[in-house]
Every structure is written in structure tokens, then in C-alpha cells.
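For the protein sequence lines, the chains are A and B, in the order given.
If you read the first sequence in this note's numbering, its first letter stands for residue 1, the second for the next number, and so on.
If you read the second sequence in this note's numbering, its first letter stands for residue 1, the second for the next number, and so on.
Be aware that one or more of the hints could be misleading.
Quick partial rundown of chain A residues pointing at chain B, CB under 8 Å, derived from the structure [stated by the list, open to error]:
#1 Tyr2
#2 Val151
#3 Ala159
#4 Leu163
Read the hints as simulated data drawn from the structure, not as lab findings.
Ideal placement from N, C-alpha and C gives every residue a C-beta, glycine not left out.
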Amino acid sequence: MYIESLVFVVFSVMLIGSALAMIVSRNTIYSALFLVACFVASSVLWLLLEAEFLALILIFVYVGAVMTLFLFVVMLLNMDIVSHEKGAFVRYLPVGIVLMLGMLALMMYVISPTHFAVLTSVQHPADYSNIKALGAVLYTQYAYPVEVTSVILLVAIIAAVSLAARHKGNRRSQNIDVQLAATKGDRLQVLKMPSEKFSGASDIGGPEQPARGE
Amino acid sequence: MPVPVSDLMLAAPQWFVLIMTCVTLLVSLWSGKKASPWTYGLSQVTLLGAVVITALMYDQPRTVAFYGNMIFDKISALLTIFVCVITAFVLLYSRDYLKQHKMAYTEYHVLTLFSALGMMVLVSSYSFISLYVGLELFTLPLYALIALRRDAAVFAEASMKYFVMGAMASGMLLYGLSMLYGATGTVDIPSIASAIVGLPQGQHLIIVFGLVFVLAGIAFKLGAVPFHMWVPDVYDGSPNTVTLMIATGPKIAAFGLVVRLLAEALPDVHVAWQHGLILIAVLSIVLGNIVAIVQTNIKRMLAYSSIAHMGYMLLGIIAGTASGYSASMFYTLIYAIMSLAAFGLVSMLSRDGVDIQRIEDLRGLNARNPWLAFMMLLVMFSMAGVPPLAGFMAKIAVLEAVISVGQVWLAVVALLFAIVGAYYYLRVVKVMYFDEPIKKTDIELPSMDMRVAMTINGLSVLILGMFPAVLMGLCRAAF
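Generate the whole structure from the sequences, applying the supplied hints.
See the structure below:
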């Protein structure tokens with residue numbers, strides 16, 4: 001129990017710290033890396049809640065795939081030039097802090113553990129499988145939302161393609177018909193060149209020759 | 001425990017739309033043309049098919065399916081039919097605009113269909129999870145639709161604004177829903193309602209806390225004050241046909257969201273959300289009607305008018321009675337029809353690459369096309385609430401609902417500002433009928449089916465106003 005609380009505190013602080021650093025950091029790549037740290041910290045917190053499968057998926061999918069793609073995009077688009085106005089963050093900081101403290105006080109007053117008494121945690125045996133439990137409900141009980149979510153992903157693909165591939169200029173597409181219809185005549189050009197005779201040391205490119213045939 | 005076949009049958013309109021949308025996408029891809037008639041034809045078949053299927057299922061009893069994730073009842077059936085019919089009209093009205101402005105034809109149709117599918121999922125959801133995924137499915141295509149026209153930066157700006165605001169609203173809604181889940185331990189709408197009844201009195205604080213965020217999310221989606229700032233900017237910054245899409249179907253879907261969340265999940269904290277909604281409704285009615293007066297841009301004017309109309313719609317919800325909910329439903333459906341006609345006319349009259357922007361652009365419409373001017377006159381009078389048009393009957397119904405629960409002052413405020421609102425609707429009529437046109441040439445809608453559809457749409461405002469009993473009866477039967 002003591003170790004568990006220690007782990008919880010350490011990773012909670014890490015989560016909050018890296019989340020703050022992500023917002024504050026001016027370098028986009030640092031921000032992305034801080035976000036990775038956020039994901040790692042929260043996945044440890046999920047492990048503490050015995051949600052092992054979700055914790056690993058968070059690392060695999062978000063840290064491994066999504067954030068890598070994100071870093072690619074950031075580096076390819078060369079976005080590390082900070083374009084947003086300097087001082088915008090500082091200018092809104094006082095208002096933000098007042099609002100945040102107000103909200104925090106309100107939430108600490110309202111959200112107390114007694115309100116969530118309905119959710120009692122169940123102790124599972126050591127060989128309890130998260131994947132089995134998830135798999136049993138995902139395509140039965142939650143089949144409908146899962147299907148709708150897959151439609152959302154389809155929409156995201158269509159939307160992204162239709163927004164990105166509209167410009168004529170930046171589209172690199174193959175025209176296969178034209179490529180196949182290409183003949184030798186289109187690609188190959190035979191030039192007639194007068195043959196040249198090699199006359200000893202050439203007069204081009206060679207070192208300065210002494211004058212001959214005096 | 002597999003999903004029973006009977007459940008699949010209940011979701012028939014939804015998977016019909018899903019499959020047909022994919023077919024539309026593939027057929028359009030292989031037809032090879034930029035604007036294939038197949039795209040348009042198949043899209044209309046999709047929507048009309050869904051209408052027919054839902055209409056055939058209409059008399060089935062209220063059934064919960066997919067382990068409590070989906071419900072088929074009269075509310076979902078009626079809202080689904082209206083979403084599909086209105087989306088069909090939207091596609092018809094926008095066909096020529098898309099060709100003229102070289103917007104991505106296939107993508108527009110497919111994304112619109114997916115958005116309609118999302119609305120259908122949302123109105124028939126019966127748990128927070130399916131409600132939320134339905135919400136995301138219907139809003140996600142809208143963000144992309146706005147940015148489909150790439151010839152000016154305003155569209156990207158509007159899209160970005162809508163996206164950021166929509167994401168924030170979703171976040172707030174989710175946070176509120178998570179509080180409700182924490183307090184009740186379930187995400188199913190009927191279980192939440194019964195869990196709240198069983199809670200001891202002191203535990204209601206957390207429900208109210210979650211409710212505040214839920215109300216903020218709902219107000220964002222409806223475009224009601226104080227979360228309305230995106231409405232004029234997005235309406236104004238979108239291509240006219242996309243404005244037409246945003247201003248019609250989503251209002252019906254948002255009504256479904258309100259009913260499922262407030263009326264069905266949280267009926268026992270009615271007093272708590274009533275106060276919030278009164279504030280939102282009164283502010284919307286006052287601000288929407290007053291700010292609309294000074295607008296010179298017709299889309300911005302109609303945007304502020306939509307804010308005011310959402311305020312009126314909420315009056316019936318505030319009453320919290322079955323007749324109040326059905327009055328709100330009637331109001332939403334009538335508003336969707338009116339706004340379809342108004343924005344449809346604005347987008348169909350935009351031609352030669354020029355969009356109608358200012359109210360002045362409608363000058364002397366009567367001299368150039370008396371019939372269209374008459375249709376616009378009907379719609380404007382109806383929005384203002386002039387008898388015997390549909391908008392009048394809708395206003396009567398919601399006012400009657402709030403008066404019947406003793407909130408007479410609300411009805412008085414609503415009525416006073418309806419009179420204020422009449423000014424800017426009448427100004428459009430004045431511009432159309434009494435101002436000299438700049439060009440004398442006749443204008444006509446591009447094709448016959450558009451003229452017929454516009455006529456049906458305009459006259460329906462008149463007919464539903466004179467004979468509201470059928471639609472009113474359907475709305476009554478739903479609750």
C-alpha cells in the first residue's frame with residue numbers, strides 16, 4: 001500500500017508537471033515529447049488501477065504510433081518557429097489563474113469521494129484477464145458504439161483526404177495509363193554526333209601544353 | 001451473447017444509410033467524372049430509402065436494442081424522418097452551387113450523408129456512449145464540409161473556429177457526463193434516471209455539478225447564449241450550401257440531444273436544469289433578436305435569428321411537461337423547414353460565382369421573380385410569427401407550454417422580443433418588394449426540380465400553419 005501511494009504521487013506529479021511543460025514550452029518538439037511523458041505517466045496510473053491492457057495500449061498506440069507520426073509532421077512542416085505572439089500566454093495568465101483557482105476551489109468542495117460511493121472497486125484475482133473481459137463486451141454489449149466509432153474513423157479518412165488532396169500543386173499522383181502507353185520514342189532520343197578523332201593530348205581540360213612544331 | 005437479429009432490424013435505417021453511402025462513394029469514384037449524376041442520384045435514393053424504411057417501422061412499439069445502446073421510439077422515428085427529408089432537400093438545393101463553385105462534389109455528398117447518419121444515431125441513442133459517438137459522427141463531417149471550398153481563406157477560418165468550439169463543447173459535455181457516471185455508476189439513460197431517484201438528498205450536488213457542464217455543452221451545440229459566438233461567424237464564413245446544412249439538420253439533432261439528456265436521463269433534477277435553461281433561453285431570445293436588427297449581412301442576420309429561435313425552442317423544454325416537449329419538437333421541426341427555405345433561397349440565388357451576402361442583394365426580388373419573392377415572404381413572415389403561418393403556431397405551442405406551468409413572465413418576455421424580431425424579418429420583405437432592383441433582368445432557379453422543391457418548401461410553411469394538427473399530433477404521440 002505504501003509503495004502504491006508512492007508510485008501514485010510520483011507519477012501524478014510527473015503527469016501534471018509534463019502537462020504544464022507541454023503547454024508552456026515554446027518548442028513544438030519539446031511539447032510533443034512532454035506529451036509523450038504525459039502518456040507514460042498516465043499509463044502507470046492506469047496500471048495502478050489494474051487496467052493493464054489499456055495502459056499498454058496507451059503506450060503502444062499513442063506513444064508508439066500517434067506521437068511518432070506527430071513528431072514526423074512537426075519536423076516535416078518545420079513548425080518549430082514559434083509563430084504565436086509572444087506574451088499572449090503571460091497576458092492572459094492572471095485571469096486564467098483566478099478562474100482556475102475558483103474552479104479548483106469549487107471542484108474540491110463539490111467532488112468528494114462520498115459522491116462516488118456507488119463505484120466500489122472490485123478486487124480481482126491475479127490471473128484476471130483484462131483482454132478477456134474487454135473482448136467479451138466489446139463486440140456484444142458495445143457492438144453498436146464500436147461500429148459507429150469505426151464509421152467516425154472512415155469519415156476522418158474521407159475528410160482528411162478530401163481536404164489534403166484538393167490542391168493541384170501538391171498532389172503527387174501517378175497517371176498509370178500514360179505511363180504504360182509510353183513508347184520508346186517518347187523516352188529515348190538518338191542524337192547524331194560527328195565522330196571526333198583522338199589527337200594525342202586533347203586541347204580541352206589538359207594541362208598547359210608547350211607549343212609544338214616550331 | 002451475440003446481438004439479436006431483431007436489434008439489427010431496428011437499426012435498419014441506419015445501416016441502410018451507411019451501406020448506401022459507401023456505395024455512393026465507390027460508384028462516384030469509378031464513374032470517373034468530377035460531378036457524376038450517379039453521386040447525386042444515389043445520395044437521394046439513400047435518404048429517401050431511409051425515410052421509407054423508418055416510415056414503415058413507425059408503428060412498432062418502443063423497443064430498446066443493442067444492450068441498451070439504441071432505442072427505437074416515436075421520437076427517434078419522427079426525428080430520423082425529418083433529418084433525412086431535410087438533408088435530401090439540402091442536397092437538391094446545393095447541387096448547382098457545388099458545380100458552379102467547383103466544390104468537391106462527391107466528398108460533399110458523402111460527408112453530408114455521414115453527417116445525417118450521425119444525427120440518426122444521436123436521436124436514437126439510449127446510452128451516453130452511443131449519444132457521444134453519434135454527436136461526434138454528425139459534427140466531424142461538418143468541420144470538413146466548411147473547408148471544402150479552398151478558394152478563400154474565410155472558409156478555413158470558419159472551419160477552424162467551428163472545430164475548436166465544437167471540440168471544446170464536446171469536452172465540456174464529456175466532463176459533465178463523466179460526473180454523472182461517477183455519481184450513478186452507469187451510462188445507460190434509463191438506469192441513470194432511476195439511480196438519481198434512489199440517491200440521498202445530499203448527493204444531488206455532484207449531479208448538479210455535472211449538469212452545469214452538460215448544459216454548457218448543449219448550449220454550444222444549439223448555438224444559444226452565452227455559448228453562441230461561433231454561430232454568426234461560422235454561418236457567415238461557410239459556403240452558402242454548407243451554411244444551409246449547418247442551419248437545418250443539426251438543430252433537429254441537437255433537439256434530440258436535449259431530450260435524451262435532460263428529459264429522459266435527468267427528469268428528477270428538473271428544477272436544477274430548469275433554472276439554467278431559463279437563463280439560456282431568455283438571454284438567447286433577447287440578444288438574438290436585438291443584435292439581428294443591426295446586421296446588414298443576410299447570413300449573419302439569419303444566424304442571430306437562429307440564436308433567438310433556439311431560445312424559443314427551449315421554452316417548451318423548460319416547461320418540462322409532455323406537452324412542452326412536444327411543443328419544442330414541433331418548434332424545432334418548423335424552424336428547420338423555415339431555415340431550409342431561407343438558406344436554400346440564399347444559396348440558390350448565388351450565381352456566377354458570386355454569393356449573396358448582404359440583405360441589399362435581395363433588392364427588388366419581386367420585380368425579378370415574383371414567385372421566389374413570395375416564397376421568401378412566407379418564410380420571413382413565418383419566422384416573425386405572423387398568423388396563419390407555421391412559425392406562429394409553433395410560437396403559440398411553446399408559449400402555451402410555459403404558461404401552463406405558471407411561468408407567465410417568460411411568455412411575456414418571449415412575446416415582447418418576438419415583436420422586436422418582426423422588424424428585421426419585415427425589412428427583408430421591404431427590400432424585396434419596395435426597393436428598386438439594381439438589375440432588371442429576370443432571375444430563375446437553375447432547374448425545374450429546384451423550383452418544385454422550393455415551392456413545396458415555401459408552401460409547407462403556409463400549409464403547416466393552417467393545418468398544424470397532423471404534425472402536432474405526431475409530436476404529441478412521441479411523448
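Comparing the hints with the structure gives:
no., hint, verdict
1, Tyr2, "27 Å, violated"
2, Val151, "6 Å, holds"
3, Ala159, "3 Å, holds"
4, Leu163, "6 Å, holds"
In the structure shown, a violation is registered for the earlier hint numbered 1 alone.
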